[in-house]
Amino acid sequence: MKRLTISLLLAALFAVTNASAGALDQVMLQLQAQGAQTGDAQQGAAMWEKSFSHNKGPQQRSCSSCHTKNLKNIGKHVKTKKRIEPMAVSVNPERLSKAKKIAKWLKRNCKWTLGRECSAQEKADFLAFIRSQ
Amino acid sequence: MTFRNMKLRHIVSLFTALFLLQACDYSFGDSSYFKRKPGVAPVSNTMYKTECGSCHFAYQPGLLPEQSWHKIMNGLADHFGDNAELDSASQQQILGYLTANSADKSDFRRSKKIMRSLRNKPAPLRISEIRYIKGRHHEIPKRMITGNEKVGSLSHCDACHQKINQGSFREHEVRIPGYGHWDD
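Residue numbers (our numbering), protein chains in the order written: chain A, 1 to 133; chain B, 134 to 317.
So here's chain A without its partners, still in its complex pose (with noise of 0.2 Å):
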């Protein structure tokens, strides 16, 4: 009876822990179902760092224009100057934590900064390079 409790326990206890890691296998995994291959950190990266233009302002908009070239500094709204935390998951563990949250923020930051929704390969792209930083 004692085994069997604290093997419960246990088991619960790395449900618990790896379900973080389990909302972004499983985002992958769906993008994977939507045509996108493995995704490559340093695509994300190129990614993360090019610029696209806008009729109107900023006219000139990347991702780095909120959340900074390097992913473990603080950010900031462009806007509304609001601090954004910092996307690395590295120094911030909730990033990436939750899927539709991850769902969410790629919908309205691609549309905002790409002008469009990203592919699924481009999310895959950008989530390898996040989860890398």
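Keep in mind that the hints were calculated from the coordinates and are not lab data. Worth double-checking, as some hints may not be accurate.
Stated by the list, open to error - Keeping only pairs whose Cα atoms sit at most 30 Å apart, straight-line, the calculated DSSO-like set for lysine-lysine is:
1) B:Lys254 x A:Lys56
2) B:Lys296 x B:Lys238
3) B:Lys267 x A:Lys82
4) A:Lys69 x A:Lys79
5) B:Lys182 x A:Lys82
Claimed, not checked - Far from chain B, by Cβ distances over 12 Å, these chain A residues were calculated:
6) Ser7
7) Gly22
8) Met28
9) Ala36
10) Asp40
11) His54
12) Pro58
13) Lys69
14) His77
15) Val78
16) Thr80
17) Val91
18) Asn109
19) Arg131
20) Gln133
What the hints assert, rightly or not - Over the 12 Å line for every Cβ pair with chain B, so calculated as not near, a few chain A residues:
21) Met1
22) Leu4
23) Gly35
24) Thr38
25) Gln42
26) Gln43
27) Ser51
28) Gly57
29) Asn70
30) Ile84
31) Ser90
32) Ala103
33) Gly115
34) Ser119
Ideal placement from N, C-alpha and C gives every residue a C-beta, glycine not left out.
Here the structure of chain A is known, so what remains is to put chain B in place on it, guided by the hints.
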């Protein structure tokens, strides 16, 4: 004048004053002016605070009328130049909270004043465009708001209003970054 006359006069004055006070209590429409709560109702919905407070201060629903909230929530793809899109379930839930607590539904004093200043005007998109709000800030020099790096615009309420999370916007609570207490 005898002592008896003075006492009667005082009693009459006291009763007149009490009567007038009571009369005032009923003269401001649906709820007694003196019983209205000051400021605006603080934000009480966690989803709203999380979703709509991630890029800017989560403006209390009592700062705008229902129609304004409808306009805003229907235009999240271009939310003042930003993309603030939400999944439709969250969007409906948040809209429900905002419209149930909008300025036109609120008993709080500032909400009432906001609604009074919007009489016969179309529902605004920006809180900072409301005449009542503009009027409360018109004496402040530009260098303290738009020219102030730590503030930037009148929409940045929480930069100066130190008790804003309690729904309070009182002048003596204001601390303008780089300038301190606002002194009229």
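Check: Is lysine 267 (chain B) close enough to lysine 82 (chain A), meaning Cα to Cα at most 30 Å?
Finding: Holds, because 23 Å separates the two Cα atoms, which is no more than 30 Å.
Next item on the list: Examine each Cβ of chain B, and state whether all of them lie more than 12 Å from the Cβ of methionine 1 (chain A).
Entry: holds (40 Å)
Next item on the list: Find the nearest Cβ of chain B to the Cβ of proline 58 (chain A) and say whether that gap is larger than 12 Å.
Entry: Incorrect as stated: the minimum Cβ-Cβ distance to chain B is 9 Å, not above 12 Å.
Checklist line | Assertion that serine 51 (chain A) lies outside the chain B interface [Cβ separation over 12 Å] | finding: Its Cβ never comes within 12 Å of chain B, the nearest being 17 Å, so this holds.
Checklist line | lysine 69 (chain A) remote from chain B - nearest C-beta pair above 12 Å | finding: Non-interface label stands for lysine 69 (chain A): nearest chain B Cβ at 20 Å, farther than 12 Å.
Next item on the list: Say whether it holds or is violated: alanine 36 (chain A) keeps its Cβ farther than 12 Å from all Cβ of chain B.
Entry: holds (21 Å)
Margin query: Hinted pair, alpha-carbon criterion (30 Å max): lysine 296 (chain B), lysine 238 (chain B). Please report holds or violated.
Written below: holds (23 Å)
Note to self: If I take the minimum Cβ distance from valine 78 (chain A) to any residue of chain B, is it greater than 12 Å?
What the structure shows: Per Cβ check, valine 78 (chain A) is inside 12 Å of chain B; nearest 9 Å; violated.
Note to self: Does asparagine 70 (chain A) clear chain B by more than 12 Å, comparing its Cβ with all Cβ atoms of that chain?
What the structure shows: holds (21 Å)
Notebook entry, point to check: Is glycine 35 (chain A) truly not at the interface, in the sense that its beta carbon sits beyond 12 Å from all beta carbons of chain B?
Noted result: holds (22 Å)
Notebook entry, point to check: Keeping to a limit of 30 Å between CA atoms, is the pair of lysine 254 (chain B) and lysine 56 (chain A) held or broken?
Noted result: Satisfied, since the Cα-Cα distance of roughly 29 Å is no more than 30 Å.
Notebook entry, point to check: Are all beta-carbon distances from alanine 103 (chain A) to chain B longer than 12 Å?
Noted result: Non-interface label fails for alanine 103 (chain A): nearest chain B Cβ at 8 Å, not farther than 12 Å.
Checked against the numbered hints above, the structure breaks hints 11, 12, 14, 15, 16, 18, 28, 30, 32, 33 and satisfies the rest.
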